[in-house]
Structures are given as structure tokens and as C-alpha cells.
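Chemist: Residue strings, one per chain:
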Amino acid sequence: MELTVIPQIVKFASENTREIGDVLGIGPELRVRWAEGLLDKGPVEDTIFYAGEMYPVMGYAEGAFRLTKRLEGLMNINSLARIGPIMKKLRVYAIGARALWGKNNEIYENALRDAVYVLRNLGVKMSYLFEEEPPSGVALHTYGLLKEFKEHAKWVQNRFRELGVKRVITLDPIVTTAFRLYYPEFLEDWDVEVLHFVEIVAKRIAELGIKLKLGRKEKVTYHDPCYLARTLGIVDETRFILSRIDGLEYLEPPRHGVNTGCSGDGGLELTQPLLARKISLDRVKELRETGAEKVYTSCPACIMMLRTGFNALGYRTDVNDLASLIAEAMRNGIIEEKPATVKFRRYHVLPESPKPKSLDSDDLAELLLRETDRCKKCAFCNVECPVARALDKLESRSARGRMTLINSLVRGDPVRPEAVLDRLYSCVLCAQCSQTCPVGLHVQELIIYGRAYAIYSGKAGV
Amino acid sequence: MAELMLYTPVRLVSNELTYYLSLLLEVGVYMNGNSFDDAISEIKRKIGKKKVLIEPGDLYAYSLDASTERREAPGAIVRTYADEDVITTLKVADEKRIPVIPRGGGTSLTGASIPVVPKSIVLDLTPMDDIQVNIDDGYAMAEAGATVLQVDQACRNEGFFFPPDPASSRYATIGGALAENAGGLRGAKFGVMKNWVLAMEVVIPGGKKLRIGEPVLKWRWGPDLISLFIGSEGTLGVITRAWLRIYPLPEKVVRIMGVFNKLEDAGRAISEIRRRGYLPMMLELLDKETVDIVEEVLGYKFPKGEAMVIVDVDGPIEAVWRLARQVENVMKENRGKTETSDDPEKMKNLYLARQGAYAAVTRAYPSVLHEDITVPLSKLVDALRELDNLRRKYGLRMPVFGHAGDGNLHPDICFDPSDKAQARKAKEMFKKVGELAVRLGGAVSGEHGIGFVKKEIFLEEIKSVRGENYLELVRKVKRVLDPNGIMNPGKLWF
Numbered sequence: 007m008e009l010t011v012i013p014q015i016v017k018f019a020s021e022n023t024r025e026i027g028d029v030l031g032i033g034p035e036l037r038v039r040w041a042e043g044l045l046d047k048g049p050v051e052d053t054i055f056y057a058g059e060m061y062p063v064m065g066y067a068e069g070a071f072r073l074t075k076r077l078e079g080l081m082n083i084n085s086l087a088r089i090g091p092i093m094k095k096l097r098v099y100a101i102g103a104r105a106l107w108g109k110n111n112e113i114y115e116n117a118l119r120d121a122v123y124v125l126r127n128l129g130v131k132m133s134y135l136f137e138e139e140p141p142s143g144v145a146l147h148t149y150g151l152l153k154e155f156k157e158h159a160k161w162v163q164n165r166f167r168e169l170g171v172k173r174v175i176t177l178d179p180i181v182t183t184a185f186r187l188y189y190p191e192f193l194e195d196w197d198v199e200v201l202h203f204v205e206i207v208a209k210r211i212a213e214l215g216i217k218l219k220l221g222r223k224e225k226v227t228y229h230d231p232c233y234l235a236r237t238l239g240i241v242d243e244t245r246f247i248l249s250r251i252d253g254l255e256y257l258e259p260p261r262h263g264v265n266t267g268c269s270g271d272g273g274l275e276l277t278q279p280l281l282a283r284k285i286s287l288d289r290v291k292e293l294r295e296t297g298a299e300k301v302y303t304s305c306p307a308c309i310m311m312l313r314t315g316f317n318a319l320g321y322r323t324d325v326n327d328l329a330s331l332i333a334e335a336m337r338n339g340i341i342e343e344k345p346a347t348v349k350f351r352r353y354h355v356l357p358e359s360p361k362p363k364s365l366d367s368d369d370l371a372e373l374l375l376r377e378t379d380r381c382k383k384c385a386f387c388n389v390e391c392p393v394a395r396a397l398d399k400l401e402s403r404s405a406r407g408r409m410t411l412i413n414s415l416v417r418g419d420p421v422r423p424e425a426v427l428d429r430l431y432s433c434v435l436c437a438q439c440s441q442t443c444p445v446g447l448h449v450q451e452l453i454i455y456g457r458a459y460a461i462y463s464g465k466a467g468v
Numbered sequence: 113m114a115e116l117m118l119y120t121p122v123r124l125v126s127n128e129l130t131y132y133l134s135l136l137l138e139v140g141v142y143m144n145g146n147s148f149d150d151a152i153s154e155i156k157r158k159i160g161k162k163k164v165l166i167e168p169g170d171l172y173a174y175s176l177d178a179s180t181e182r183r184e185a186p187g188a189i190v191r192t193y194a195d196e197d198v199i200t201t202l203k204v205a206d207e208k209r210i211p212v213i214p215r216g217g218g219t220s221l222t223g224a225s226i227p228v229v230p231k232s233i234v235l236d237l238t239p240m241d242d243i244q245v246n247i248d249d250g251y252a253m254a255e256a257g258a259t260v261l262q263v264d265q266a267c268r269n270e271g272f273f274f275p276p277d278p279a280s281s282r283y284a285t286i287g288g289a290l291a292e293n294a295g296g297l298r299g300a301k302f303g304v305m306k307n308w309v310l311a312m313e314v315v316i317p318g319g320k321k322l323r324i325g326e327p328v329l330k331w332r333w334g335p336d337l338i339s340l341f342i343g344s345e346g347t348l349g350v351i352t353r354a355w356l357r358i359y360p361l362p363e364k365v366v367r368i369m370g371v372f373n374k375l376e377d378a379g380r381a382i383s384e385i386r387r388r389g390y391l392p393m394m395l396e397l398l399d400k401e402t403v404d405i406v407e408e409v410l411g412y413k414f415p416k417g418e419a420m421v422i423v424d425v426d427g428p429i430e431a432v433w434r435l436a437r438q439v440e441n442v443m444k445e446n447r448g449k450t451e452t453s454d455d456p457e458k459m460k461n462l463y464l465a466r467q468g469a470y471a472a473v474t475r476a477y478p479s480v481l482h483e484d485i486t487v488p489l490s491k492l493v494d495a496l497r498e499l500d501n502l503r504r505k506y507g508l509r510m511p512v513f514g515h516a517g518d519g520n521l522h523p524d525i526c527f528d529p530s531d532k533a534q535a536r537k538a539k540e541m542f543k544k545v546g547e548l549a550v551r552l553g554g555a556v557s558g559e560h561g562i563g564f565v566k567k568e569i570f571l572e573e574i575k576s577v578r579g580e581n582y583l584e585l586v587r588k589v590k591r592v593l594d595p596n597g598i599m600n601p602g603k604l605w606f
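Protein chains in written order, with this note's numbering: chain H, 7 to 468; chain E, 113 to 606.
Heads up, none of these hints are tricks.
Quick look at which bits of chain E chain H covers, simulated, 3 or more residues with Cβ under 8 Å:
(1) 157–169
(2) 209–220
(3) 227–239
(4) 280–288
(5) 471–479
Heads up, simulated BS3-like pairs for lysine-lysine below, C-alpha to C-alpha not over 27 Å straight-line:
(6) E:444 to E:458
(7) H:17 to H:94
(8) E:460 to H:349
(9) H:284 to H:300
(10) E:491 to E:543
(11) H:153 to H:17
(12) H:75 to E:163
(13) H:75 to H:17
(14) E:162 to H:75
(15) E:374 to E:458
(16) E:306 to E:588
(17) H:284 to E:156
(18) H:131 to H:47
(19) H:284 to H:109
(20) E:537 to E:505
(21) H:75 to E:161
(22) H:349 to E:458
(23) H:209 to H:349
(24) H:156 to H:363
(25) E:163 to H:284
(26) E:505 to E:491
(27) E:364 to E:460
(28) H:284 to E:161
(29) E:539 to E:400
(30) H:284 to E:162
(31) H:17 to H:361
(32) H:109 to H:291
Some chain H residues near chain E, calculated using beta-carbon distances under 10 Å:
(33) 390
(34) 399
(35) 401
(36) 402
(37) 404
(38) 408
(39) 411
(40) 425
In case anyone wonders, no lab produced these hints; they're calculated from the structure. Fair warning: this is a prediction, and the values are worked out from it, not measured in the lab. Even glycine gets a Cβ: it sits at the ideal position worked out from N, Cα and C.
Starting from the given sequences, assemble the full structure and let the hints guide the process.
Modeler: Shown next as C-alpha cells:
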């Protein structure tokens, strides 16, 4: 196995993100297909519907992810990343992807169309930027390429200013997190308002006092995406929406809301697909045990992981986006009731983000040392760490182990930087650790800064 | 010469270098690079190379536990999935004289689960986590790597529970909890780990598996070898599985919180509760400093006083409230202001100060020395007063909370390690607290264990209370089971 410091796949993903806009490098042509004939171009009243770089092409990622399973043992994920650029040169990449996995992509494209349908019916005005939509670049943040992320964020900010965008509505919780939490951290005057689909839908349903009619009885469960529930604290809205759909029997999984379980994505699906699959199966079993016939969620990466997970276990349970369920019910009929003001709580379960003075490796080192020195090694973070769970509590790939290794790397213990980076990359960034840490360490963000340090310090030979 | 060294008690030296030299000589382990590499190759060949880790990126992750003091990174990690893995490792390690450190969740506060000598094998038992609950015969069988909480939950599914509940129970393993003789909040009524074992399987150096005791509720063997291994901190062998007693779930629990203006009043109330035989399931005490820190850091508000006492009583629904009222009355008789509830939400609130103690202390201070002394119940108030004097004398913050029901107190000495003077004071204070416990007729550790962190003060306690002969006797026992001194060197007595 080739062990470059940034595994080939991370290089592939980050180059694609910067140059083509999406992680797999599918390209804007296929990314905007879903909206053709549906939305007008340009902002309406400063507002756009923002599809992001995941939803429009997630089906291709799902196809590639399924392929890695078939090729297991024959080639690893990094060698797949090497084939991509060759296919691109031969100009068969996007065409090939579409021919192979276009069918997989329908459910994600439908989710976007359904979201637009729902918002419109609730009286929300918006348009779409089509090819001009700047990708959020959140994958750069995920993989610790923070300098590149900062640069990219500046560019996005300028694009939005040029295009007159002041308000963004999106279906993607990862993008929402990037715009709402990461951009303000990296940019001084980021002032774009970002709303997640469920926030608007819940508010409008309450204001209008309506109920939606599904037209059939169905047992469903909902998987809270970690970015939406734990990081952004949006939980009440989804439960309220589900309670306003007639015909649903809602079954709550044991781990839900801010305590949700991980479905195995968070970037791991690219760096360690086999491990990611193992984690997803843990969650799939839990969701299945609720007795639900259908699983809904609100994140493209979660949909992909749960779909492939159910498939791998041979279950026929369907996984779909919450937007598609709402749209289906809305098409079936709307029951008018009394308008009401509903208070949706915003949950704050994560500690304050650590802030380095700059992204220079000395400043990163200072921050990482100070923070990881505070770690008491109590292992509370390891209890729910999905990676530790999937690997029989292997310490070096657990939340606590990562804190130890970051400390060792910065301190100059004889650990190989590329080995540490490899262990930092085997994390799903679910932030369960940050939520549990009694000391108040934002473990998840320290892992991202640890990745950045390993890359930028030059120790890892990048 | 080696023989002679082995019987010489560790000289109690403050100079770290001399301390380590004496330690290395004492354990009789010779550091031979080749024999280590040979041993690892042999273990890999016999149990499969995937279970043996030698990449520094893995080794360093295993170089720390909740003591947060690193001494040495391990030379190798062996992850055990079956008894055979443990047996093979201990056989090869014994032949080649390689130190072996058994490790569970790595939550030891005293460094019991990390190496202090170079080129040692850390035996990671967490993958062995099978649990079988047998209600008919009244036990739960758990492998070493199952967490204490997993065992408890498995029992709860059947209407029973596993009473010992160390604060780390979510990650601490049965093997580790037994090796450390861990306690917990319910100790006031249910005691510690050693009170809950029916039988155990242990692998000793040379790779011999011993089954001690029987999974029946009554058996008599003598001498009791189970007790020999419990609390031995992995210095005699590796506990691989245990058959544990279980207990029916209480029908109902009621929580009473009392706040006292004077520490003495709280002390009297506690001893009165015990004297009248109410036997509460939990009896916790928090001093003013603890409550203050929790308020400062976590932003809660609590009633003011010198001490807060939290009591859980359990019993049949018809009787539990009568018992709760009796406890409440004792508190009131001693000028305590009380609040009582059986509502889960309210019970949580009554416990908030205790619940937040660890988080508040560790958030507010970069370094904390967790003390763990036990004093006779009659000396509880004296101990608290003396601790207060120490606090004043050294000028460091030291919240004191703990399991007053069994005389076990946790003074947490808070300091900033970058301030050399503070760090020195904290170390001195740590020693003084231990001495105080011994002087009052108690012990330097109630439940955290000795490891290497408390070794010095522990040996002082033993020498002053029992004399050198006692130490020699224990060392002889060690030599019978572990003649080459490979098991967890540098910890506890050895």
C-alpha cells in the first residue's frame, strides 16, 4: 500500500474540490442538471437555493463507494483515485460516471427538486445560480487543508458579493455548518445568512397552521445527521415536521437528537471505505430494530452510507431524504388548521471552538499542545467513538488516542508524522467526543487542526 | 546478586534516577534488544501478526492512561481476542523476560495500565468482551474486556444489576476493575469489586491458566486465591474472565440532599445515618470548595453551606419513603436543610453538584492530582478539618468530595504545572494528604489503586504501619507466581 503523507485520495478530493467544485470531480454540467427548467437563474430578493457540491452528485459517490466493496482485495481506494485523473484525460470520466451510476443519483436529485417544491408551496421565493454557484469547499476543511479552505472561502465570499447573494437556503447540513460556523471563523466579515431547509419548513408549517396528508399508513424513523443535530443543534424542527404529517407512525431510534449515532461518513467513506462501511452497519442495525419500514434523514452523505449499509445487510428498507417525504405528503393534500407560534430550541452541546492565532505551524502547534495537554485521558470520549467501537476499542484510532498522538507529534516524540496523520484521518468527525469531554475540549476540531498541523508543519514531508 | 536485590525493599528515594535504577534492578528484568525482537516475532507467529502492533503511531497511543503521566512508550501491543493469545504471550514473555502490562480501558488514575520500563508488552484485553447473564444460577460471566457498565446493562435487561460502579464504568473494564479492586458510588451499601466475585480465570507467567473458585453462591476453598489477585494491579497475572454476583434491581430509589452550615453537623448526620442502620445505597459528601467550583465553572446555583450530603435510599415502594423520611429527619436534627425527591428529573438536579465535580475541576485547572484516601468513619470530620488546614497552609485549591458512606474521600489538588512553585507545593500536599490518612488510621488509597503514582507513599504507609517484614512476605508470594518479575513491574509493591 502506498503511504504518501496525504493519501492519494485526499489529494484527489481536494484538487477536485478546488478545481472542479466537487470531491469526485464530476463537474458543473452534471451538478446543475437537477434544476433545469425548475428554477430561474440569479438571486431573487437576495436569496438563493444553494444545492452545494454533494447532493447533486452523491449518487456517483454512492456508485464509487459500492464499487470499492466489489474491488475489495484487488485494489485499494488510493489506486482508484489514480485511475480518476487518467479517465479525465481520456474525457470519459463524467460520461462514464453518468452511464454507470446515473440511476443511483436520481434519489439525490429528486431530494433537491422536492425541497424546492416544498419551499415554493410554503411561499418561499428563491432562485438558483446554476453553473455560477460557488462550491462551499467544505471537504478542504474536513481533510485539514485549512489554508486552502480559507483561500477558497474568500473566493466564495467575493462571488456571493458580486452576484448579490445575501441569504442562502440549503438542504445540505454540512454546507450549512460550513457557512454558519467555519466561514465566520476564517473570514472577518462574512455576513451571508444561511438557513437549513428544515428550519424554514418547520417555521412556515407552524405559521400557516397546516398538516400534511401522506395518504397511507407508514412506520418511519429518522436518522439525525451529526452536523444538523449535534453541531447546529437543530432537532426540534425535524420532530415538529414529522408530527405534522398525517399517517406516520414515528419510531425514535435509541440514539437520536443531539445524541445521534454515526452512519460512517464524515470523509471516512473516502479515506477508509471499509471502516466506514463497518461503522454504518452498526447504525443500520439500530435503525432497523426500531421496526420502521422507511428511514428518513437530511444529509446526502448519511443517505449514501445508510443505503449502502442496508443493502450490504440484505435489508430492503428504503432510505430517503426528509424533503422527499414532505413533498410526497404535500402533493397528497394539505389540511388547514390553526396557525401557532412554536418555539424551536437551539441545542448547544459542543464546547467553544479552539482558535489558533494563525494557520502557521508554530501557532497550530501552540494551540494543539495547550489543548491536548489539558486532556485527562478519562476516556469518556471513547465510549461512543464510532471508530473505536468498530475496531474493538483500538486505542490509536479512538478519540482519546488521537489526542495523545497529536500531543506526541507536536511534542516531538518519535512518532512518524504520516502514521499520525493516517490515524487522524480514520475519524468520522461526528463530534460525539467533543460533546462528552468533561474538560471541554473540542476534540473534533482539534483533530482537524491536528491534520492541518501534520500537513503544514512539513514534518510529514508534504 | 539478583536474588538479593529482589528481596531488598525499594529504597524510598526522591531522586527519580536512583528510583528508576533501583526499580530496574528489583524487577530482575534484563533489557535485551534481541530477545525482545525475538519474543515479538514468536508471538506474532503463534497468534497472528494482526494482533501485534509495533508501529510507534500505535505504541504512543498506549503510553498513557488517566494518570496522564508518561514514563515509557510500550515496545509492543498485543491485542487479545481469546485465552490462547494471553497464554502464548505470557509464556513467551516469561521465557524471554519481557515485562507485560495488562490493560483494559486504560482509565487507571495511578498509572497501573502503562509501562514504566522500556521494551515491554502492553496486553490490550479490550477485544475480549463477552458477557453471559445467568439469572437461574445468580451470576454474570464477563470476559476481562467487557466494561463494567456493559455488565450492569446486561443484568438490567433481566431485572438485576451489577452494584460496583466506578465513575469510569462506561469505559473501565471488568478485568481492570478487578485488578484495581475498584469501588464507586454504591460502595456505601454494596462494597467494592472484591465483594462480588464468585470465580475467576487467571493466566500467570509461563502461560498457565488457573480457574479459581466456582460460579456457585457458596463454596469454600482456603486460602482464598481470588482475593490474592483482586487489587494486585496486574502484578501477579492476567485476569481473563470472572463470574460475578448480581443483585435484584431496587424497586424504588429516593434521593435526599442535605446542606449543612457546619461541617461537624454534616459529619454527625452521616455517622447517625450509619449508626441507625439505614444503609443507604449512596452517601456522598461535597465540601464548600467543590460546590463553589462547580458553580463557578458550570454556572449552576446551589444552596450555601460548609457541606452538601447526597443520599440515595432504596427499597420496596411501600417502605422506601418511610426510610427516606427517616434519613431526612436525621439531617434536620443536625441542622441540615433538605430536599427530597423520587422524580427522575428532580433527582438529577439534586445530584448536579456531584455530577459536575470532575468536569468543573478538570475544566478550571490544567493539572489535578486526584487523591483517594480512606479514613475511619468516626474520623471523617477530623479529616475534613485537617484537609482544610492543608489547603490554607499551601494556598492551593483542593475541592474535597467523595463517598462518605465508606469513609473514602477524594481531595483534588488543583495547580498550574507551568508554575514551578505551585507544582512543587502540589506534590508536597499530595504526600501530606496521604500521611494524614495514615495518621488517622486510614489508607492512602480507597479505590484508585497504587500504580506508580502512589507507590512511594503507599510503601511508606506499609512500612510505618506493618513493618518491613510484611513487605518481604508479599514479595515472596509474588516470586512464587511470577519468579522472573515480568508482570507489571514498577507498580504497587514491586
